[in-house]
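J.: These protein sequences, in sequence, are chains Y and W. Using the working numbering, you'd call the opening residue of the first sequence number 34 and step up by one each time. Using the working numbering, you'd call the opening residue of the second sequence number 13 and step up by one each time.
The hints are simulated quantities; they were obtained by calculation from the structure and are not laboratory data. All C-beta atoms in this analysis are idealised placements derived from N, C-alpha and C, irrespective of residue type, glycine included. Among the hints, a few may not be true.
Just so you have them, the derived chain Y footprint on chain W, three or more residues with Cβ under 8 Å [unchecked claim]:
1. 67 to 77
2. 87 to 94
3. 103 to 109
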Amino acid sequence: MSHEHKIYLRKIRQEKIFIHFCQFLLLFLLLGIWQFAADKGIIDSFISSSPSKVWDTILSLYDSGTLFHHIWVTTYETILGFFMGMTLGVLVAVILWWFPNVAKVLDPYFTVLNSLPKVALGPIILIWCGANQKSIILMAMLISVIVAILNIYQGFQKVDSQKIKLMKSFDANKWQICFYLIFPNSKKNLMETLKLNISMCLIGVIMGEFLVSKEGIGYLIMYGSQVFNLNLVISGVVLLSLLATVLYTVISFIEKIYIKKD
Amino acid sequence: MNNILNIQNLKKTYHTKEKETIAVEDFSLSLADGEFVALVGPSGCGKSTILSILSGLEEKTDGTIIYQNKKMGYMLQTDALFEWLTILDNCLLGLKIKGELTDEKREYVISLLKKYGLGDFLNSYPSHLSGGMRQRVALIRTLAIKPDILLMDEPFSALDYQSRLAISDDVFHILKEEKKSLIMVTHDIAEAISMCTRVIVLSKRPCTIKKEFLISLTDFSTPIENRKAKEFSHYYEEIWKEIDHES
Chain Y
34 MSHEHKIYLR KIRQEKIFIH FCQFLLLFLL LGIWQFAADK GIIDSFISSS
84 PSKVWDTILS LYDSGTLFHH IWVTTYETIL GFFMGMTLGV LVAVILWWFP
134 NVAKVLDPYF TVLNSLPKVA LGPIILIWCG ANQKSIILMA MLISVIVAIL
184 NIYQGFQKVD SQKIKLMKSF DANKWQICFY LIFPNSKKNL METLKLNISM
234 CLIGVIMGEF LVSKEGIGYL IMYGSQVFNL NLVISGVVLL SLLATVLYTV
284 ISFIEKIYIK KD
Chain W
13 MNNILNIQNL KKTYHTKEKE TIAVEDFSLS LADGEFVALV GPSGCGKSTI
63 LSILSGLEEK TDGTIIYQNK KMGYMLQTDA LFEWLTILDN CLLGLKIKGE
113 LTDEKREYVI SLLKKYGLGD FLNSYPSHLS GGMRQRVALI RTLAIKPDIL
163 LMDEPFSALD YQSRLAISDD VFHILKEEKK SLIMVTHDIA EAISMCTRVI
213 VLSKRPCTIK KEFLISLTDF STPIENRKAK EFSHYYEEIW KEIDHES
């Protein structure tokens, strides 16, 4: 390795360390200012809480034995809604691809459903399925499935027409075109949809938990706001951001092992 | 000579909302075993349509095609290799789809790959190969199903001039050695003269046969060498004159 190359590599490494350093610095600064302002009475910690109070709230949740229960409930609902949404999404996308006329007929309906804020359907779902976990999972699925269908279907359509011609010149039937060409060709697109959908599902789950209000992180936030316990609300938000990050990281990790780097 | 393919009065009409377009009309062609024929003509005249019909991708509107039990192999404008498959798997694709993959046929494909300089790349992915090599893979993928007649639709048009010359030499050798017949669509007159013994000039839409040239070059050998033959420029000029050029 030449001297110049060593310097170059060192520079890249230093830059990376510097970026990480700044990221942590920013976090500490924000938390520090928040804590300081609360301690000095610059802001009212009753309505804006403080990092130490959030920490205490999370600890007390842990002590009471409910912390992991709430996290688990939310995670479970998200994952279930996610799998159902993806499975249904792939299935419908395949049907749309298989029967172009079905796609044409349904096109305006998808446009409307896609732009409709699914939260508006919440009360209806609640009445139909009752105030229980079924409603929450259905909500998560509903909010993710439309985006999944549209995304996956678009990916299917992006296949190079020459490749389809090639398959046909080998007398391939539709199943074969689907499995040999369409699916593997859409791998990247599928992975992108997974990433998008895990956050969509989380939105659906929290929305559902707001409405059902029995357990889960969404319930903690809702309950906290109703009894005007802002410590609990912000703790809920913090837990939620951690959970969202973990779920996203898991999907990214799966993507990495699934898509080989050539 | 024995004809392995007879096309008579082939006709193809396309329908669009506005009108009906006749793409091909009154196209007849007989192909002898081992013969190389080029179809040249102005772009968009419907040359590719003829190949699409011959390979079964499109239905003909009228006319007869007698195949004499010969199998067609279609080579497209782009190599259309699947990036997620290895070179070997790409070449086995046709056999897999047709459900004809046997150990013997796999060995045959591997032997083809080895014979034509791709032996070291069996398990590589297409992104590691140069444009010319990719075309060779595409050719072997077509040869894997053991076709008797190769149909090529401007197969080298995506390549730069240097690779184009080289690959046309390669393809010529491979096809001669494997004893295949060829119908090639091209807009490159030089390519047509240097590779084929018969050049058919097609007219503008609707595409019909305008004139047929039998090419006989002194010291007929490989496409690159053939370009040096003394009759080459004569044929070039004659064919050039026959093509409907847009003014």
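J.: Now tell me, hint by hint, if it's right for this structure.
T.: Status of each hint after checking the structure:
With a cut-off of 8 Å between beta carbons, the region 67 to 77 of chain W has 3 residues touching chain Y; three or more are needed, and the interface restraint holds. Three residues within the 8 Å Cβ limit are the bar, and the region 87 to 94 of chain W against chain Y gives 5, so the coverage statement holds. With a cut-off of 8 Å between beta carbons, the region 103 to 109 of chain W has 4 residues touching chain Y; three or more are needed, and the interface restraint holds.
Consistency with the previously given hints is maintained throughout, with no hint failing.
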